[in-house]
Amino acid sequence: MSAEPVIQARDIVVEYPGHPPLRAVDGVSFDLYPGEVVGLVGESGCGKSTMARVLTGLLKPTAGEVSYLGQPLRPLGIGGRAPELTGIQMVFQDPGSSLNPRRRVGKQIQDGIDTAAKRMACLGQRLSRDDPAPIDPAEWLVRVGMQASDVRRFPHSLSGGQRQRVATARALAARPSVLIGDEPISALDASTQAKVAHLMGKLAVSQGACLLFISHDLSVVRLIADRIMVMYRGRIVERGPTAEIWSEPRHPYTKALLGAIPVPDGAGKLPAVADPGVAYPLEEADRTG
Amino acid sequence: MAETRRSLPSRIWRAIPPGIRAPLGVVSAVIALVWVVLCLIGPQITPHDPLAQNLPLYQPPGVDTLLGTDELGRDVFSRILAGAQVTVGLALLLVVMSMVVGSVLGVVAGFFGRWVDEAIMRFTDLVMAFPTVILAMVTAAALGASLFNAVLAALIVSWPPYARVVRSMVLSLRHQEYVASGRLLGFSPLKSIGVDILPNVAGPTLVMASADIGTAALLLSGLSFLGLGAKPPSPEWGAMVSSAVRHFDKWWMGVFPGLAILTVVICFNFLGDALRDYFDPKGATR
Ligand SMILES: Nc1ncnc2c1ncn2[C@@H]1O[C@H](COP(=O)(O)OP(=O)(O)O)[C@@H](O)[C@H]1O
Ligand SMILES: [Mg+2]
Numbered sequence: 001m002s003a004e005p006v007i008q009a010r011d012i013v014v015e016y017p018g019h020p021p022l023r024a025v026d027g028v029s030f031d032l033y034p035g036e037v038v039g040l041v042g043e044s045g046c047g048k049s050t051m052a053r054v055l056t057g058l059l060k061p062t063a064g065e066v067s068y069l070g071q072p073l074r075p076l077g078i079g080g081r082a083p084e085l086t087g088i089q090m091v092f093q094d095p096g097s098s099l100n101p102r103r104r105v106g107k108q109i110q111d112g113i114d115t116a117a118k119r120m121a122c123l124g125q126r127l128s129r130d131d132p133a134p135i136d137p138a139e140w141l142v143r144v145g146m147q148a149s150d151v152r153r154f155p156h157s158l159s160g161g162q163r164q165r166v167a168t169a170r171a172l173a174a175r176p177s178v179l180i181g182d183e184p185i186s187a188l189d190a191s192t193q194a195k196v197a198h199l200m201g202k203l204a205v206s207q208g209a210c211l212l213f214i215s216h217d218l219s220v221v222r223l224i225a226d227r228i229m230v231m232y233r234g235r236i237v238e239r240g241p242t243a244e245i246w247s248e249p250r251h252p253y254t255k256a257l258l259g260a261i262p263v264p265d266g267a268g269k270l271p272a273v274a275d276p277g278v279a280y281p282l283e284e285a286d287r288t289g
Numbered sequence: 290m291a292e293t294r295r296s297l298p299s300r301i302w303r304a305i306p307p308g309i310r311a312p313l314g315v316v317s318a319v320i321a322l323v324w325v326v327l328c329l330i331g332p333q334i335t336p337h338d339p340l341a342q343n344l345p346l347y348q349p350p351g352v353d354t355l356l357g358t359d360e361l362g363r364d365v366f367s368r369i370l371a372g373a374q375v376t377v378g379l380a381l382l383l384v385v386m387s388m389v390v391g392s393v394l395g396v397v398a399g400f401f402g403r404w405v406d407e408a409i410m411r412f413t414d415l416v417m418a419f420p421t422v423i424l425a426m427v428t429a430a431a432l433g434a435s436l437f438n439a440v441l442a443a444l445i446v447s448w449p450p451y452a453r454v455v456r457s458m459v460l461s462l463r464h465q466e467y468v469a470s471g472r473l474l475g476f477s478p479l480k481s482i483g484v485d486i487l488p489n490v491a492g493p494t495l496v497m498a499s500a501d502i503g504t505a506a507l508l509l510s511g512l513s514f515l516g517l518g519a520k521p522p523s524p525e526w527g528a529m530v531s532s533a534v535r536h537f538d539k540w541w542m543g544v545f546p547g548l549a550i551l552t553v554v555i556c557f558n559f560l561g562d563a564l565r566d567y568f569d570p571k572g573a574t575r
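In order, the protein sequence lines correspond to chains U and E. Read in this note's numbering, the first sequence has 106 at position 106, and its numbers run on one by one without any break. Read in this note's numbering, the second sequence has 457 at position 168, and its numbers run on one by one without any break.
Note that these hints are calculated values from the structure, not bench results. Even for Gly, the Cβ is constructed at its ideal location relative to N, Cα and C. Be aware that a few hints might be false.
[Stated by the list, open to error] Cut-off 30 Å, straight-line C-alpha distance, at most; resulting in silico cross-link-like pairs (DSSO-like, lysine-lysine):
hint	chain 1	residue 1	chain 2	residue 2
1	E	K480	U	K60
2	U	K107	U	K202
3	E	K539	E	K520
4	U	K107	E	K480
5	U	K118	E	K480
[Claimed, not checked] A partial selection of chain E residues facing chain U, derived with a Cβ cut-off under 7 Å:
hint	residue
6	R472
7	L473
8	N489
9	P493
Can you build the whole structure from these sequences, using the hints too?
Set out below in structure tokens:
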């Protein structure tokens with residue numbers, strides 16, 4: 001964690017227009033460092049996806065600022081994204097729309113490889129076979145646990161888990177410095193969830209990228225995350241190393257989330273939703289003591 | 290054209306039991322194909338010269354003149370064959386042009402959104418408010434009555450439905466996750482449109498266009514019937530019906546070109562509906 005942060009989010013506020021406006025993200029700050037896996041958990045509607053879209057620049061925050069590699073991040077406008085900023089990649093939630101239905105899997109992974117090539121060309125470098133990341137879609141498929149021959153398949157012939165593997169391969173083929181997974185496994189069945197989550201964590205870290213893994217399910221996140229941030233009503237209410245949060249939650253909301261997980265093994269399938277009738281404090285729990 | 294989208298043929302289609310829609314769709318496709326082929330080779334295979342006035346007048350349908358002759362001694366059958374190129378050919382041309390103009394504007398509006406969208410859609414609404422026939426009359430008055438000018442007038446009013454439909458498809462596609470992924474990978478707007486948007490819009494748009502061909506043929510024939518399109522001696526079907534009106538007792542002069550128009554209208558519409566059912570089976574029962 002001594003390195004420079006990849007992403008710094010400072011006092012991010014997002015309000016959606018309405019009467020009154022809906023404050024989906026309410027003053028969130030954090031740093032993401034290379035090579036770490038960070039979990040962002042919280043129940044549905046607490047602002048996780050909104051935060052993810054801000055971090056990628058797909059959404060311009062109402063207030064606050066995101067820096068990427070020390071530079072302020074320009075939100076995506078009408079034009080294309082500059083090659084320097086393609087180091088921010090994302091895997092989305094819905095396996096049904098995370099891939100273009102009309103294009104072969106290999107082509108879509110090739111897009112990721114082309115993106116990496118373009119960015120490196122800007123830095124005066126070239127892709128090579130000796131790189132740790134493959135430069136061939138078939139090799140990527142093998143790396144994410146599929147067959148090399150799957151390059152010729154169309155997304156509709158793949159299972160949800162396979163599609164998310166392909167989406168992961170495409171994102172990582174772009175050699176990002178930060179990969180954001182916005183509930184990439186929520187639509188998968190329980191046995192596939194852990195596998196895909198492990199795969200994402202392992203591959204991202206092996207490339208030196210940071211993985212921000214978003215989920216409403218603390219029990220899966222804790223399997224791969226080095227540290228965890230708990231989000232509640234647009235705020236981060238608790239953060240810390242995974243083991244500590246798991247064994248010694250301090251914020252009442254975190255305790256409620258953990259309480260919703262069946263003991264003793266905590267690996268069962270569950271919607272980790274705290275009691276909606278309870279209003280928890282919005283102040284972040286103090287974990288310094 | 291497409292504002293009569295739930296047109297009579299479409300409503301008939303919906304009344305047909307689902308079990309026989311598929312075979313009916315195939316029959317329609319075959320007849321539509323025959324017309325398209327005739328539109329290419331029709332003039333070459335006519336038994337008589339469609340313009341020559343060298344046969345006995347007012348011959349009823351018979352062995353030599355299959356569908357009879359008209360008031361100038363021309364073979365009705367030959368004129369219908371040759372007229373396919375005019376009526377169906379120009380309808381195809383009109384639909385293709387409407388589709389291209391409407392799709393380009395619809396994609397641009399839907400993809401770029403904001404004021405671009407606002408401006409294009411205001412313009413579309415404005416144009417859609419023009420009554421087709423009045424516009425055709427204005428065009429005919431300004432540029433002269435000709436089939437080309439009729440196509441031009443029809444084009445002005447027939448692209449907006451494409452712009453609307455394509456725009457709404459693009460709007461929903463734009464929020465698909467793979468489109469966002471593409472943008473994050475650094476796709477330019479052109480690549481994003483070409484790779485992620487257009488291929489997913491093309492199918493429904495082509496279906497819409499195929500259903501429109503019949504309506505376009507009817508529109509062009511209608512304009513010719515009113516004297517705003519094809520002029521004598523062109524074997525345009527609407528113009529043929531128009532001149533037959535003055536010879537009501539010689540039924541074959543008007544009935545056969547009318548039937549030609551009818552089959553084109555119905556078959557292309559049914560073909561469009563059948564394709565829609567085929568690509569979107571869920572919508573078939575709507
Ligand atoms: N485009 C939008 N317009 C208006 N409200 C939105 C929009 N997207 C999300 N919201 C609202 O913002 C809140 C946070 O949503 P979201 O970020 O999707 O939460 P999460 O991903 O944690 O489920 C929710 O109340 C949601 O209804
Ligand atoms: Mg979400």
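* Please verify that hint: E:P493, Cβ, nearest Cβ of chain U, below 7 Å or not. => violated (13 Å)
Taking the least C-beta to C-beta distance, is E:R472 closer than 7 Å to chain U? holds (6 Å)
| said: With the threshold set at 30 Å, check whether the alpha-carbon distance from U:K107 to E:K480 stays at or below it. | reply: Distance of about 14 Å is within 30 Å: holds.
- prompt: With a cut-off of 7 Å, does the beta carbon of E:L473 approach a beta carbon of chain U closely enough for the hint to hold?
  reply: holds (6 Å)
Pair hint E:K480 and U:K60, alpha-carbon separation not exceeding 30 Å: holds (23 Å)
> At a threshold of 7 Å, is the proposed contact between E:N489 and chain U supported by beta-carbon distances?
Replying inline: Hint holds; E:N489 Cβ to chain U Cβ min 6 Å, cut 7 Å.
Subject >> Hint consistency between E:K539 and E:K520 [alpha-carbon to alpha-carbon, up to 30 Å] >> reply: Status holds; Cα separation ~21 Å.
Pair hint U:K118 and E:K480, alpha-carbon separation not exceeding 30 Å:
holds (15 Å)
- Query: Do the alpha carbons of U:K107 and U:K202 lie within 30 Å of each other, as the hint requires?
  - Reply: Holds, because 24 Å separates the two Cα atoms, which is no more than 30 Å.
The structure fails hint 9 only (numbered hints given earlier).
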